[in-house]
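There are 2 protein chains.
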Amino acid sequence: MNKIIRIDMAELKVTTEKPPHDYQLLGGRGLSARILNAEVPAMVHPLGHENKLVVAPGLLAGTMAPSFGRISFGAKSPLTKTIKEANAGGTAAQKLDRLGIKAIIIQERPKENQAYIIYIDPKGAQIINAPDLSGKMNYDLVTTLQNRYGKDIGVISIGPAGEAKMTASTIAVTDQDGRPSRHAARGGLGAVMGSKGIKAIVINAKDTKSIEPLHKEKFKETVRDLIEILKQEKRSQSLSKFGTPSVIQFLSQLGSTPSWNYHGGPVKNIENIYGETISEVNQSRGGRMHGCMPGCLVQCSIVFNGEDGQHLTSALEYETLAMLGTNLGITSLDAVAQMDRMCDELGVDTIEVGSAIAQLMEAGVIEFGDDQKVIGILKELREGSPMGKIVGQGTAFTAQFLGLDRVPVSKGQAIPAHDPRACKAVGVTYCTSPMGADHTAGIDYRDSLSNEGQVKRSHDAQILSAAIDSLGYCFLAMPTKGQLMYEVLVKLLNARYGTDIKAEDVMNIGINTIKDELAFNHSAGWTDVHNILPEFLRMEKLPPHNEVFNIPRDEIDSIFNKSVIPKT
Amino acid sequence: MNKIIRIDMAELKVTTEKPPHDYQLLGGRGLSARILNAEVPAMVHPLGHENKLVVAPGLLAGTMAPSFGRISFGAKSPLTKTIKEANAGGTAAQKLDRLGIKAIIIQERPKENQAYIIYIDPKGAQIINAPDLSGKMNYDLVTTLQNRYGKDIGVISIGPAGEAKMTASTIAVTDQDGRPSRHAARGGLGAVMGSKGIKAIVINAKDTKSIEPLHKEKFKETVRDLIEILKQEKRSQSLSKFGTPSVIQFLSQLGSTPSWNYHGGPVKNIENIYGETISEVNQSRGGRMHGCMPGCLVQCSIVFNGEDGQHLTSALEYETLAMLGTNLGITSLDAVAQMDRMCDELGVDTIEVGSAIAQLMEAGVIEFGDDQKVIGILKELREGSPMGKIVGQGTAFTAQFLGLDRVPVSKGQAIPAHDPRACKAVGVTYCTSPMGADHTAGIDYRDSLSNEGQVKRSHDAQILSAAIDSLGYCFLAMPTKGQLMYEVLVKLLNARYGTDIKAEDVMNIGINTIKDELAFNHSAGWTDVHNILPEFLRMEKLPPHNEVFNIPRDEIDSIFNKSVIPKT
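Chains as they are written, first to last, in the working numbering: chain A, 287 to 854; chain B, 287 to 854.
It is worth saying that the hints were derived from the structure and are not from the lab. Fair warning: there could be bad hints in the mix.
The list treats identical chains as interchangeable, and a pair is accepted whether it falls inside one copy or across any two copies.
[Unchecked claim] No farther apart than 25 Å at their CA atoms in a straight line, the calculated lysine to aspartate or glutamate pairs in the DMTMM-like style are these:
(1) Lys397 with Glu648
(2) Lys397 with Glu826
(3) Lys299 with Asp418
(4) Lys659 with Glu669
(5) Lys397 with Glu821
(6) Lys827 with Glu336
(7) Lys397 with Glu653
(8) Lys801 with Glu514
(9) Lys827 with Glu841
(10) Lys801 with Asp814
(11) Lys520 with Asp746
(12) Lys659 with Glu398
(13) Lys848 with Asp733
(14) Lys827 with Asp843
(15) Lys554 with Glu519
(16) Lys827 with Glu398
(17) Lys827 with Glu297
(18) Lys827 with Glu394
(19) Lys506 with Glu519
(20) Lys827 with Asp733
(21) Lys504 with Glu336
(22) Lys777 with Asp308
For clarity, every value in this text was computed on a predicted model and none was experimentally measured.
Let's have the full structure, built from the sequences with the hints guiding it.
Following this line, the structure appears as structure tokens:
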């Protein structure tokens with residue numbers, strides 16, 4: 287990790303920079319926040335020439351340590367108008383680290399409205415004009431690139447939604463099967479990549495090797511310890527068997543899984559999408575579980591086959607089954623799997639688009655439960671009809687179009703499939719995270735219906751999330767005890783980089799990341815005033831526990847006072 | 287003006303309140319700001335049940351004083367998400383004042399999704415269920431109401447756009463001819479009225495009389511002085527002859543009249559829409575000038591006839607001729623007049639919708655200069671097609687839909703037909719006014735290309751505008767010297783109300799209004815960070831003077847430090 291690649295799309299020029307020394311222990315989300323703060327004026331238009339897209343693998347991505355292969359994308363978000371980071375698994379992070387690349391900074395916009403790819407191999411990076419790739423869906427795009435550059439490439443790409451600068455668009459990353467199934471989905475970062483004219487980044491790291499840590503034995507030993515810890519964790523065991531849908535039964539009974547556009551209440555035949563059912567159906571069709579990243583132990587990603595026994599979609603996740611399923615009154619597994627594939631092809635966030643479609647249902651444009659109409663809307667998104675393009679702009683936009691005021695968003699972003707009335711700590715995160723409504727920014731289900739201690743839980747989870755997002759670790763592979771995680775992380779960092787830091791320094795990576803992000807947001811006009819969830823979450827009681835989100839506002843606003851924002 | 291009428295649309299209940307004594311010299315915009323600050327939480331959704339719509343005539347509306355008949359509408363705006371006031375002429379303010387009504391506060395929303403009217407006469411106010419009126423265009427609506435309640439009523443109404451809660455929707459007020467041609471157009475307040483389920487407010491003040499001031503002779507004398515002042519003003523003379531289009535020749539040569547979506551440069555046959563040409567054409571067709579308000583001396587409103595000699599539209603204003611004309615590359619007088627009528631019928635802001643259509647042209651969806659396609663889009667707005675409804679949501683929304691980042695808005699609102707690069711003082715107003723991009727909030731063309739003294743000019747103009755908007759005076763009838771205006775206002779207020787205030791107290795009405803508005807906006811998350819115009823206005827040189835908007839940011843941010851925000 288000894289270089290930063292800078293891509294100037296106005297000059298069509300690539301330069302290489304040596305990162306400053308104080309970037310040594312900055313990677314992923316933390317590095318992205320630091321660079322954006324230094325280089326992007328906070329009030330720029332997110333699709334304007336002054337915004338930049340930062341691509342940064344985690345700090346241990348190229349090593350043999352498992353579950354560290356996540357890659358971060360950062361920019362000012364066209365959806366939230368805040369700083370934003372979204373990360374994904376797949377193989378790109380490992381390849382970039384093995385090529386010695388700490389970050390790619392993409393700036394400016396091409397003078398001509400054309401499609402380009404960035405091709406990176408051990409010799410360096412090139413910008414290649416690729417008009418023939420324009421408009422391609424993600425799977426076809428990746429196949430074309432694999433035919434052109436070899437099966438072993440890693441691909442970071444946008445679908446037609448990113449090209450059309452839709453604010454629900456994603457950045458896709460190929461998984462271990464070479465499929466564009468892993469998405470940095472939140473915040474519309476695909477539109478930023480689209481505004482830069484980049485259809486794909488192709489990474490060819492064919493003859494590179496695993497990164498050797500400075501202290502090999504110590505590293506190996508810690509990896510072994512981590513593996514032991516994960517083997518003991520019930521959550522990991524359950525994820526390995528059933529993937530993220532393993533939680534549907536519990537969360538839907540708690541009320542946390544949204545249904546009927548967050549009105550709540552039972553959805554008929556919900557057992558069709560329980561983790562156990564999916565596993566059974568999928569096995570009978572020859573589907574399987576896999577690790578989205580090289581070396582992952584948890585292997586929670588579902589490679590799902592259709593009725594014909596052929597591959598239908600990969601990474602059929604809980605959030606998708608809830609936001610395109612239960613929240614729309616839909617429990618047809620095959621229909622949701624088909625929608626998931628369509629979203630991956632288009633390059634749109636299943637949470638944002640699912641919630642936007644719930645708004646159409648709320649307004650009566652289509653009926654709750656009508657899965658074929660939902661598939662129709664996604665087809666329209668492909669065809670670029672006005673209605674399809676509206677949904678591609680996300681939930682708040684669709685609600686405004688429809689004149690609705692019950693809008694499940696925070697800081698402009700759709701609330702994911704953890705209802706803050708049933709999981710109060712994640713509600714605090716939705717209010718206060720610099721990322722807006724993002725469950726991966728800090729979630730904790732302990733005592734989740736109570737108001738007690740949730741601000742502290744959110745605080746700790748946010749800092750741990752920011753730390754692991756900077757290290758490229760997968761939050762699904764986290765031990766239940768956060769402190770254990772910090773201890774593993776510090777050992778791995780010291781062993782790889784020869785540093786001598788302590789667990790609290792790793793915590794500080796998280797703290798400093800949030801500090802940088804809040805600083806950017808402050809300059810972009812965000813204040814504590816915005817730490818608020820939509821009225822319906824504060825007023826409408828959620829079945830079955832009849833809870834509202836009612837953590838006192840002063841507690842929420844004080845969340846970072848002690849750690850991130852020191853009292854002066 | 288001894289009562290406030292409160293309409294609760296959830297309970298369908300009308301109550302009458304005695305205004306507190308300190309409201310005595312508060313009317314129009316100032317009263318609206320005070321009430322909204324006291325009663326509406328700043329972070330509410332503008333279309334939610336907690337927002338309120340305040341209707342408040344100016345303080346002298348029911349007297350014989352000329353040009354004081356404006357009426358203010360205030361709410362949290364669904365377009366800007368700030369506090370907003372928009373005012374209009376017409377006859378409603380005079381009638382309300384003569385009925386003793388200082389303000390109407392409309393709160394909550396009906397439980398059933400139905401259309402209602404508010405009927406007000408000397409006996410009081412009633413809420414009347416009127417499902418048959420739903421969906422009606424403004425002219426047809428008003429005719430229906432006149433047939434039902436008599437020719438002499440004043441009508442405040444929304445068109446189909448307000449009913450559909452479009453954020454470019456207006457509130458219409460009938461003029462002296464009984465036509466819904468005067469619009470409180472900015473900020474989408476029609477959508478707030480629509481969210482309350484109110485299609486129209488009908489005011490029957492048939493047997494009421496002109497308000498007698500406490501000191502009649504003093505009042506008459508001051509009115510005579512004001513008339514003398516206005517007769518001397520060149521601007522009034524020109525407005526009387528040619529209306530607001532009298533400025534097109536001068537402003538287009540200065541570059542201030544936008545053309546080609548603010549890219550600037552000459553538009554062919556622009557002389558077709560010069561004030562002199564319009565007057566000539568209109569006279570030959572039997573059209574005329576009229577005063578939109580009772581007793582107006584300036585009479586700048588154009589009652590425009592079509593080629594067939596029949597009435598086509600009233601109030602064909604400069605802003606409309608620029609935003610639906612030159613800025614779209616269109617100079618066909620009859621086409622723009624037809625668009626103006628369509629916008630009045632639909633109840634949409636010609637500035638906001640015009641600028642939204644310019645975005646469609648920028649994106650190549652329709653061609654610059656194609657007036658028939660523009661008329662087609664307005665027809666689609668009527669029919670409720672997705673594209674029509676997108677345009678009805680205004681400029682920023684349309685730009686996002688199209689993936690464009692060169693967006694001529696400030697605080698979410700379309701910049702009107704005074705380019706801030708050619709009129710720097712109005713640029714400062716667009717940045718700093720609590721109203722966002724609103725030329726009526728403070729405009730001054732003195733030395734308009736220079737950077738010197740523009741912050742002071744904007745400051746003074748904003749305070750004077752806030753004062754006259756609170757008194758219901760028309761800013762087109764203002765003497766060039768602001769101080770003269772304050773002197774007239776104080777004499778009229780003292781004569782009407784028997785008070786003993788000074789000119790500086792009238793200025794304080796303006797200062798306190800802006801103070802209240804900024805306080806609301808602060809609580810709604812607006813900070814100095816937002817005092818910024820879009821990049822293109824700061825970077826792209828505007829022909830013919832090749833100016834950009836480059837008033838230093840610290841000067842802009844300090845605008846209210848001395849007056850509105852006292853240093854502590």
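Could you tell me which of the numbered hints above are not met by this structure, giving the numbers in increasing order? 8, 12, 15 and 21
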